[in-house]
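Colleague: Single-letter residue listing:
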Amino acid sequence: MTEELRVAVDRRGANGAIMYTKGYINNVGGEEIANRAYELMDADVRSLLLNLRETKIVNSIGISILIEIIEKMIDKGGRIGFCCLTPVIHKTFQIMGLANYASIYPDEDAAAKEMGL
Amino acid sequence: MTATAERQMELTLPMVPDIEIAAARAAGNLARELGMPSESIDEMAHAMIEACINAREHSGSADRRIYVRITGTSLGEGSSRIDIWITDHGRGFDVTEARSRRQKLGTVHKRGWGLQIIEAHMDEVSITTSEGGTTIHMVKIGKEHD
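Here the protein sequences come in this chain order: A and B. The opening residue of the first sequence carries number 146 in our numbering; numbering runs sequentially from there. The opening residue of the second sequence carries number 46 in our numbering; numbering runs sequentially from there.
Just chain A, with the same shape it has in the complex:
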């Protein structure tokens, strides 16, 4: 039954990174993303793109953790973007207000260009 989330990171330059997620973003998956994101912030990453191409399900607890990550990145003067969302995940992000504080891009190329990655 467990839908374990997998995370991979591609560093882009000194201050950028793209994080790829695969699987269910619930409380456990959200914490995994947070741990990796905080490691990257500690390593001076200030422009972080989350590519959710292989994530088809999220829940509100997982999204609340993503919002905490955004808050921390904003506190550090950085920014977070998301790309490759399913229509339903995009809609859920909008419902929870996440889209007000992080940029959402249709694909990785557009995101990387806009975020300088």
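Treat the hints as calculated values from the structure; they're not laboratory data.
Partial pick of chain A residues on the chain B-facing surface, computed with a CB cut under 10 Å: (1) Val-173; (2) Ile-206; (3) Ser-209; (4) Pro-232; (5) Lys-236; (6) Thr-237.
Here chain A is said to cover these stretches of chain B; the calculated rule only asks that three of the stretch's residues, wherever they fall, bring their Cβ under 8 Å from a Cβ of chain A: (7) 88–98; (8) 161–172.
Derived Cβ-Cβ restraints for the label pairs, each shown as a range: (9) A/Lys-217 / B/Arg-144: 27 to 33 Å; (10) A/Ala-188 / B/Glu-122: 55 to 61 Å; (11) A/Ala-244 / B/Glu-84: 15 to 21 Å; (12) B/Arg-70 / A/Lys-258: 34 to 40 Å; (13) B/Arg-109 / A/Lys-217: 31 to 37 Å.
Computed from a prediction, not measured in an experiment: that's the story for all the values here. Heads up, the beta-carbon is just placed ideally off N, CA and C, and yes, glycines get one too.
For chain A, the structure is supplied; the task is to place chain B on it using the hints.
Modeller: Just chain B, lined up with the frame of chain A:
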């Protein structure tokens, strides 16, 4: 137009982590049999996930069970309807208070969005709640794309 339920399913699920995925998959399979479009199924799945999480995390039920009933109905002309009832035997909750929650960055109120998500993804939602438990009835109507 005939609108009798063609598919029915009842599940009794333990309140364990990720059990919401099992409920969502069951409903999704039933909806696919009726030809419901994938985006409608995804919306329904996300609503079910939130309803099951609410029951698991907040009901305080002594029996630690979620009771799920799903019916599927073909409405004709490529349309289908899924009715879902999710019941717990917990302590109930204040629906008005739950609906009024709004998250803001910089506050501690990041949780409690389940009901808003459910109502946004489903076509109809009704809630019956008391000190003896809660039932949330959700309806999704899907129409095949041309």
